[in-house]
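Q: Next come the chains, spelled out residue by residue.
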Amino acid sequence: MADGFVDPAVLDKVKVGKGYIAAKYGFRNHWYPAILSEEIEEEQVVPAQICGEKIIFKRIDGKVFCIKDQCVHKGVPLSRKVECYTKNTITCWYHGFTYRFEDGVLNGIVGVPESNVIGRKRVRTYAVEERKGIIFVFIGDEETVPPPLEEDVPPGFLSEGHVLRGRRQDVNANWRIGAENGFDSTHIFIHKDSILVEDADLALPLGLVPLHNGAFETTEEDGGPKGVHDIFSPEAINPVFEGKIDGETVRMGRPEGKNMLPQTISIWMPCALRVQPWPAPDITQYEFYVPIDGERHIYFQFLGKTVGSVEEEAAFDKEFKERWVEKALIGFNKDDIWAREANQEFYADDTGWLRESLFEADGNIVRWRKLADEHNRGIQGPEHVR
Amino acid sequence: MADGFVDPAVLDKVKVGKGYIAAKYGFRNHWYPAILSEEIEEEQVVPAQICGEKIIFKRIDGKVFCIKDQCVHKGVPLSRKVECYTKNTITCWYHGFTYRFEDGVLNGIVGVPESNVIGRKRVRTYAVEERKGIIFVFIGDEETVPPPLEEDVPPGFLSEGHVLRGRRQDVNANWRIGAENGFDSTHIFIHKDSILVEDADLALPLGLVPLHNGAFETTEEDGGPKGVHDIFSPEAINPVFEGKIDGETVRMGRPEGKNMLPQTISIWMPCALRVQPWPAPDITQYEFYVPIDGERHIYFQFLGKTVGSVEEEAAFDKEFKERWVEKALIGFNKDDIWAREANQEFYADDTGWLRESLFEADGNIVRWRKLADEHNRGIQGPEHVR
Amino acid sequence: MADGFVDPAVLDKVKVGKGYIAAKYGFRNHWYPAILSEEIEEEQVVPAQICGEKIIFKRIDGKVFCIKDQCVHKGVPLSRKVECYTKNTITCWYHGFTYRFEDGVLNGIVGVPESNVIGRKRVRTYAVEERKGIIFVFIGDEETVPPPLEEDVPPGFLSEGHVLRGRRQDVNANWRIGAENGFDSTHIFIHKDSILVEDADLALPLGLVPLHNGAFETTEEDGGPKGVHDIFSPEAINPVFEGKIDGETVRMGRPEGKNMLPQTISIWMPCALRVQPWPAPDITQYEFYVPIDGERHIYFQFLGKTVGSVEEEAAFDKEFKERWVEKALIGFNKDDIWAREANQEFYADDTGWLRESLFEADGNIVRWRKLADEHNRGIQGPEHVR
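Chains as they are written, first to last, in UniProt numbering: chain A, 1 to 386; chain B, 1 to 386; chain C, 1 to 386.
In isolation and in its complexed conformation, chain A is listed as follows:
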């Protein structure tokens, strides 16, 4: 399982953001969304893999707990065949080893009730937070006290009155390819024929070109989320609607669209994007590119809206289900998923980080790499995924 981490010989040659390039399996000691609240009912057991670590969730009396998905005895995955004999535990299907979710302690062996290892062994536990319909898990050292969840999500994500609706799917590309695809301002070129463009009457340029290095800013205050944001003001970024080659116009964007969106795009530690507003003037889109392992990520998409009443939330819920899932989250972002998967091979052995050739419009991505290098709380390594 140590396979798939970055070759040190490659890492030695990296000049900018070495810690980011090293983080093929993600950053350690951060919060990550893992599943949606609606996916785990009372007493249901749900497995996941985050940053290479195989874990298992259970909801007990409403609260969600998480332990490592591997019996200490012979190492089998507990989730391969779920057996629960008490509400607070899971029992290994192989020899009956039973673990308490609260502390991971082996509190029984079904067929060996007098064993002297009972109470003396345990699986590790993971801190869990459930907020806004999302189950977050802290992937890090068990002895590390997790910082507030607010530090690991975009600003505003957890605000009162801000409701979220979302979905997730696995993508066959490293999480950094996901993150950079989302934050990359010139990749808008791939969306030129998207079904969302007409549906949402978007003014869609073929390129969003930063006019100078001040086209992005960072947020790096202690105790808060760390991120880089583009400002889409006319002084900072030029939306190009007339596509040209050698001075000749070869393709038009859609300048006639009524909605010129978004106004700012930002990326946040450890792996979140915020597009504001999108796909409509009163909605914000959030994305998380959660590492599964070195070659795949869970792509979480959320739409957020600040509502003032239950009725307003119900209306947003209806709009989400009936319009945005199909047109925006699937219809528009399928181009991104396709692009990430098409880009995976080049970076698969990590030499792509040395062979790529970024250009001036990629300044925000370089800044993101530096910020992630500086503000991460650790790098996930081979020793963490066994």
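Be aware that a few hints might be false.
It does not matter which identical chain is meant; a pair holds if it fits inside one copy or across any two.
[As the list claims (entries may be wrong)] Mimicking DSS-like on lysine-lysine, the simulated pairs with C-alpha atoms at most 27 Å apart in a straight line are:
no., residue 1, residue 2
1, Lys-15, Lys-370
2, Lys-321, Lys-258
3, Lys-318, Lys-258
4, Lys-192, Lys-121
These are calculated hints, taken from the structure and not from any lab test.
Please build the complex by placing chains B and C on the supplied structure of chain A, with the hints as guidance.
A: Using the frame of chain A, we list chains B and C on its own:
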């Protein structure tokens, strides 16, 4: 093909049974069952892979011979397209190189009958024994004189009057995972819902717990089979029918069953298990976990019974086919196959041998590892499988 | 991608033709057929992989150009989604980077028309020649001036009045296994039951046995093609029709056939075979075993005939399509494809080159290895395939 052997850095850290952990491809200079007699008719050619070695059998005038399944010339597998022009030989489909099964000598090249390499090259041969309806092959150095087959099977297996019926199937797990699954006394937990339990009216506990270290013995006499056996006497092993967690009964075994089986389970070099009696009071079950390569084994299952007449054998044959294949060999042991395959990933890169955490009920398995380390006649290595 | 090249420890032990054994991905600075003319129409874009290099062809005003199939920016394959906005260019589907085929220069970015990298970056180009209905590409260093195509094809291949018809298919075997299978005079054994034998009324022996070392000659003049050829004269090669083992006839070839073909077989740098005449007295067969990567080759088959008029060419075209494709190119050579794929495993990790055991009839193959070692213009290495 050298891939898949144990990393020496892992092996260095092994404390108990180093030679056993090293034997990912099995032990060398031992007899292994390869196919059933009924699978190879007169002049039929049958390929197999044992301990990583690709071999080919042919029955000639009733006797089965075995040679390496690789032409010396360009290395192609002879079995890929079988061509036999004389009873005693096989001809390579590519250039007509023809090998005599008796001694492996290149005794002709069909289209180059005057070649000066005829009689001067050969493929290696393997010693074969056919006993009790089973074709055994000696996987070892060609210059080693094989010991009697009796040393490499459980005691009683070849006894006069003892008839055997069996089957085989490939399992996607290392052979040692197969062997340890079979000999492991607390894994009985996985069989609690087996169809065999009611069918054979078994008293099935949820755990078989050794009461002290004397719960198993070894057989290590020179010139005989080497093995470890559990004794299921009340002084040695406690059958637990009441499954408990935290003092609460959470699940019952089947104490009401009429047949309390087995009375002893034993494991034998190089890779055989004996369960006595099983699945009925007058029958013994034998299993062999024959290495195919580092990740798979052939799972042979035999039922043995001592009979006094041809009629008794015919009755046993009928019982075997009509009852035991479905209820016991398939119905009961499918749980074991599933468990082995689910356990394979943890041990696949061999770090599992360092990360596992055995408990007091695994004393017999630790003893088996030591015995196998001490009594094997060699370790299969990369140089043997090309 | 560096995986799959020859292990230096293996190469150290090679005694004959070290450069040939090293050339797992083919020879560098040579011409290779890549596609057929009929496969690429005006303005059509066609990708290929030759010697591990991913390239892309486009026909512009009748002439075919070739560039590397990888955007300089983030390394995605241009061919994954072809977008062309001008006749002379291809535009990367991801960020609109646009490359001119003639010189590979980045001559525009559709959505960033003012970018300062325009005109300053480029992808590499490859020299192309279109002759006799075949697109050849020069796989080599961009600064190397390609020699005339005539040096890299068999003599006569490009002669005036010599018309060619052909096909191609991918084969799952290293290109050297393809080349040696074709040139190997005793492999005729595999064709003994081919449908072509009766159809073309061939005199087909079971072996073609060289009578002495003079059974082959080489062509090594400066400035011309380099090759080894067998002469099928009665003094040099003995066609064996009576297959024998231990002095007994076990199988007959087909001595009664009217057409005793071929009269000479030759092999040419970098990877071509000529069989003359074949499959009929007035036709020559040419084959190219073009490396795709270390494990696959494109198998080109051509039949060539010297014609004196348009009508004669039309008749040959009809004969090719209606008879030879089915009976010869597919029907006869499918045995060869099968044999190459069956031989791949033995040579896959390159230890097969050390473990094989050639015999006296393989003298022409040994000579070919030496000639290829001496006359190649470079070895394709890991640094060339990224």
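Q: Up to 27 Å between alpha-carbons, please classify Lys-15 paired with Lys-370: within, between, both or neither.
A: Only inside one copy: Lys-15 and Lys-370 sit 10 Å apart there, 45 Å across copies, limit 27 Å.
Q: Between the shortest in-copy and the shortest cross-copy C-alpha distance, which are at most 27 Å for Lys-318 and Lys-258: within, between, both, or neither?
A: Only inside one copy: Lys-318 and Lys-258 sit 23 Å apart there, 62 Å across copies, limit 27 Å.
Q: At most 27 Å between C-alpha atoms: does Lys-192 with Lys-121 qualify within a copy, between copies, both, or neither?
A: So Lys-192 and Lys-121 pass the 27 Å test across copies only (25 Å; inside, 57 Å).
Q: How do Lys-321 and Lys-258 come out at 27 Å by Cα distance, when the copy is not named: within, between, both, or neither?
A: Cα proximity of Lys-321 and Lys-258: one copy only (23 Å, versus 59 Å across).
In summary, this structure violates none of the numbered hints.
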